[in-house]
Amino acid sequence: MDLLNLFRHRRETPPVSLRDIRDSFNAAASDEDHFPSTIDPRIFHV
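Under this note's numbering, the first residue of the sequence shown carries the number 1, and numbering increases by one thereafter.
It is possible that some hints are incorrect.
[To be verified] Each pair of labels, with its calculated beta carbon distance range:
1) Ile43 with Asp23: 41 to 51 Å
2) Pro15 with Ser37: 39 to 49 Å
3) Val16 with Ser37: 22 to 32 Å
4) Ile39 with Glu12: 21 to 31 Å
5) Arg42 with His9: 47 to 57 Å
6) Val46 with Phe7: 33 to 43 Å
7) Val16 with Thr38: 27 to 37 Å
These aren't lab readings, by the way, just hints derived from the structure by calculation. Glycine is no exception: its CB is placed at the ideal position from the N, C-alpha and C atoms.
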């Protein structure tokens, strides 16, 4: 199998509902460690 054939055939992705995407986003956004709700004053100037 050459490199071109590897990328030529697309895999079918399972359908995902907008509700699932929204729920996943909201769950990740509520994580204060990775997405803080306030700006850290040490990097505010950047």
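A quick look at each hint next to the structure:
1. Ile43 with Asp23: 41 to 51 Å: violated (30 Å)
2. Pro15 with Ser37: 39 to 49 Å: Between Pro15 and Ser37, where Cβ atoms are some 32 Å apart, the hint is violated.
3. Val16 with Ser37: 22 to 32 Å: Holds: the Cβ-Cβ distance is about 27 Å, inside 22 to 32 Å.
4. Ile39 with Glu12: 21 to 31 Å: violated (42 Å)
5. Arg42 with His9: 47 to 57 Å: Holds, since Arg42 and His9 (Cβ atoms, about 48 Å apart) stay within the stated range.
6. Val46 with Phe7: 33 to 43 Å: holds (38 Å)
7. Val16 with Thr38: 27 to 37 Å: holds (31 Å)
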